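Novice: Now for the letters of each chain:
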Amino acid sequence: MRFLNRSAGRLSRHRRAPLAGLVVLLLGLLLTGGLYSAFSPGAQADETSTTAEDIQSGKELFINGCSFCHGQNGEGVLTENGTQYGPALTDVGAASVDFQVGTGRMPLAQPGQQAVRKPAIYTDEEIRQLAAYVDSLGTGPAIPTEADYTLPETNEDGSAFDREAAISRGGQIFLTNCTACHNFSGSGGAMPRGGFAPSILDVDSKYIYEALLTGPQSMPTFSNGNLTPDEKRDVIAYIRTLEEQPTYGGFGLGALGPVAEGLFAWVVGIGGLLGFAIWIAAHTTRTTKSKPGAIVEQGELT
Amino acid sequence: MSIDTSRVADSNTTNAATPKKPAKAGAVANWADERLGLGTMMKKNLRKVFPDHWSFMLGEIALWSFVVLLLTGVFLTLFFDPSMAEIDYQGSYDPLRGVEMSRSMASTLDISFDVRGGLLMRQMHHWAAMIFIASMMIHMMRVYFTGAFRKPRELNWVIGCLLLLLGTLEGFTGYSLPDDLLSGTGVRAADGFLKATPVVGSYMSFFLFGGEFPGDSIIPRLYTIHILLIPGLLLGLIAAHMLLLVYHKHTQWPGPGRTEENVVGFPMLPVYAAKAGGFFFIVFGATALMGGLLTINPVWKFGPYDPTKVTAGSQPDWYMGWPDGLLRIIPGWETTLFGEPISWNIMLPILIIPPLMLTILILLPFIEAWITGDKREHHLLERPRNAPTRTAVMVSLMTFYGLAWAAGGNDIIAIKLDLSINQITYFLRGAVFIGPAIAFYITRRWCISLQRHDEGKLLHGYETGIIMRSAEGGYSERHLPISEAQAYTLTARDREVPWTPTATTDENGVAAPGGRLDGIRSKLSTLMYADNVQKPTAAELEEAHHHAEHEHALTAALDGHSADGHQFDGHHAVEGENLRPDDH
Chain A
613 MRFLNRSAGR LSRHRRAPLA GLVVLLLGLL LTGGLYSAFS PGAQADETST
663 TAEDIQSGKE LFINGCSFCH GQNGEGVLTE NGTQYGPALT DVGAASVDFQ
713 VGTGRMPLAQ PGQQAVRKPA IYTDEEIRQL AAYVDSLGTG PAIPTEADYT
763 LPETNEDGSA FDREAAISRG GQIFLTNCTA CHNFSGSGGA MPRGGFAPSI
813 LDVDSKYIYE ALLTGPQSMP TFSNGNLTPD EKRDVIAYIR TLEEQPTYGG
863 FGLGALGPVA EGLFAWVVGI GGLLGFAIWI AAHTTRTTKS KPGAIVEQGE
913 LT
Chain B
246 MSIDTSRVAD SNTTNAATPK KPAKAGAVAN WADERLGLGT MMKKNLRKVF
296 PDHWSFMLGE IALWSFVVLL LTGVFLTLFF DPSMAEIDYQ GSYDPLRGVE
346 MSRSMASTLD ISFDVRGGLL MRQMHHWAAM IFIASMMIHM MRVYFTGAFR
396 KPRELNWVIG CLLLLLGTLE GFTGYSLPDD LLSGTGVRAA DGFLKATPVV
446 GSYMSFFLFG GEFPGDSIIP RLYTIHILLI PGLLLGLIAA HMLLLVYHKH
496 TQWPGPGRTE ENVVGFPMLP VYAAKAGGFF FIVFGATALM GGLLTINPVW
546 KFGPYDPTKV TAGSQPDWYM GWPDGLLRII PGWETTLFGE PISWNIMLPI
596 LIIPPLMLTI LILLPFIEAW ITGDKREHHL LERPRNAPTR TAVMVSLMTF
646 YGLAWAAGGN DIIAIKLDLS INQITYFLRG AVFIGPAIAF YITRRWCISL
696 QRHDEGKLLH GYETGIIMRS AEGGYSERHL PISEAQAYTL TARDREVPWT
746 PTATTDENGV AAPGGRLDGI RSKLSTLMYA DNVQKPTAAE LEEAHHHAEH
796 EHALTAALDG HSADGHQFDG HHAVEGENLR PDDH
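Top line first, the protein sequences correspond to chains A and B.
Quick note: the first sequence uses the numbering used here, first residue 613, plus one each step.
Quick note: the second sequence uses the numbering used here, first residue 246, plus one each step.
Think of the hints as simulated: they come from the structure by calculation, not from any bench.
It should be emphasised that the depicted structure is a prediction, and the values quoted were computed from it without experimental measurement.
Careful, some of the hints might be misleading.
To be verified - Stretches of chain B that chain A covers, calculated by requiring three or more beta carbons in the stretch to come under 8 Å of a beta carbon on chain A:
1) 527–541
2) 554–566
3) 663–670
Just so it is clear, CB atoms sit at the ideal spot from N, CA and C, and this is done for glycine as well.
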């Protein structure tokens, strides 16, 4: 019996092994997933390539959500005074859409001083379709890929990439171009008439790169002629370093500079020491509250 | 000093005549006393009396934080290199490695990252500096509000004002030393201020910087000023300040047993030596905690100074904030004189108003003495309410200072409170003029109201909180007389009379010299005193007490009735009384 069934029983005798169920489940998932991705058109498309269907779905989303301010064909809307109600989007490119919609700035909750970062309303897929549609309206920068905003492991010739040098180079570019508005540690600053440069900490590298490329709102555009793609990448690496490095000096006080420091000197420093002064003056060296030790220095002033 | 002949050698033998061997500690003390004459000095000063009040310890915060500054400062000088020579940074802080910077910046980074305990020392030094100047200011306000600056202490007031000025300059020279982006921006601003001086501006700037900004001499020069010149002056003035304090004796609050001729309090040894000595450790501990836990001036984030760079949130340290604020809100006024521009927008907020404010501050005691004509010595303090105009003047100055100070942080206020920086600027442009006037009026009337309250307590007693119902059904609150000690304290002040010129013309009808000035003085004196509530006269007090006794006689029948717990008002013996008789 055993001899006859030797080849037939080889697989089946493992069928009650502890991990058998898990393996079968994984195989099943792989198979269905693979088949789905092979036949589903949406999933087949690459991140960066777009299809006519994407543009069509993007257009539908645009008409519904964006055209009120930006016009039926993204040509923009003017107010009666001739000022812009919503700017034309004909040459802003996919990067701009990805930034504005991806960070939740668009659609605006209400027209105001400045669009603020908030949870995104559209899904990633919808944002991709919107970007595809707006991109089809004219020219403009494309959405950067991960390689654009991440420091590489090796140089093109295969030698090890000098991360430290890139970060310190990025730091100097950051201090020259960004800190005037965004502050020395990226925690943001004030702009005229209620505007503000937002904090750029905890912002996706992709969005920082897109903001540099497209110059949203009051921000200047840092074109590739201005800051090369490598320089943009280094700046982002420096910002990531600022976030990751420990706060060497202790609690950072919001990294706002001397105003916060002065506040703490007065509130914590002077406030605390005043408390101690009151405490010291209210207590004698004796344990009772009365002050039997008080003496009078007589007649010394004459 | 009589000579103890038994201790003088009376022969030419090799053995000197010596007294009997004393105890060990005594021997040391005796040794020192014989050579330094400490005994007489100590005998008096160890028993020196200090009155007890929390507000008398504010100057001590300044003194002790200065000691912390000396200690931490000495540590920092061991590692700091005040040179503007450019080097390639190769220290431990990765993101700046390979960046060109001055030696002073590189050594600051070394102190922060490569010297053991260096960052703690740097941060302690910086926090202590902020606290040093802040405590000088609150000490100054205390002295002013309580009238402690009056004769004989006017000169000590002047010394204090100079200490405040020197402390501010010391702070500025100190935070400029690291040569990081923030301090370099500050030095650049200082260069601009110098250059805004008419005629000699550019010469002064070239003289200070040894050529055009930034040059390579400013940091070494600031260093010498910071660690030698100003600390020397500060030490000398602090010594003078404290010698005068000992000479004048401490002021004290009025009260029973306290007169202009004595000081009531605790002796230096053992009580005040322990209190003051202990306070040093508290100040040291507080600064150490802040230095260890709270980041201050993270120079590594600012990077080295480079005129092409600037950062949002570039402010000076807090004590330079108010001129910076004036600079931020002043309109861009410029005029041209003989073809040369005069930058009022820089001269007014930096070169004119701060020196003017300092002059006003120094002159305050002398102005008040001139108006009041008071030439007496004052060792008893006045409560702020009993000098309404004086109090209002300081609150008014503080309001101006505070508004200018807020303007210095206008950008941070804008982003943190969601305001427009322009609106803040427009508001403050008006508020720096209107605010002090409103503050003056409110403070003065508030003080006078508090005086009325005191008068009420003296004449009608304090409010007991006991509501009495009369036979007719009317309600009234019962007042009881305050204790004699309280009454003494409340009445221990002068009765003030506005000064009036004696005669504007002499018997021949010739106008007296200085008549116009007398008119101003008389007006100011009226402003200062005329609205004050004077303490009641003896007759008024007598009358009020008589009235009160009559009232008490009417309600005396209720005394001893303990139905509603009023016997627990603290003015009755409560032995055997129970709040709730049912409890037992």
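Novice: For every hint, state whether the structure bears it out.
Specialist: Structure-based check of all given hints:
A stretch counts as covered by a chain when three or more of its residues have a beta carbon under 8 Å from one of that chain; for the segment 527–541 of chain B and chain A the count is 10, and the coverage holds. Counting residues of the segment 554–566 of chain B whose beta carbon lies closer than 8 Å to any beta carbon of chain A gives 11, which reaches the threshold of three, so the coverage claim holds. Coverage of a stretch by a chain is defined here by at least three residues with a beta carbon nearer than 8 Å to that chain's beta carbons; for the segment 663–670 of chain B and chain A the count is 6, and the condition holds.
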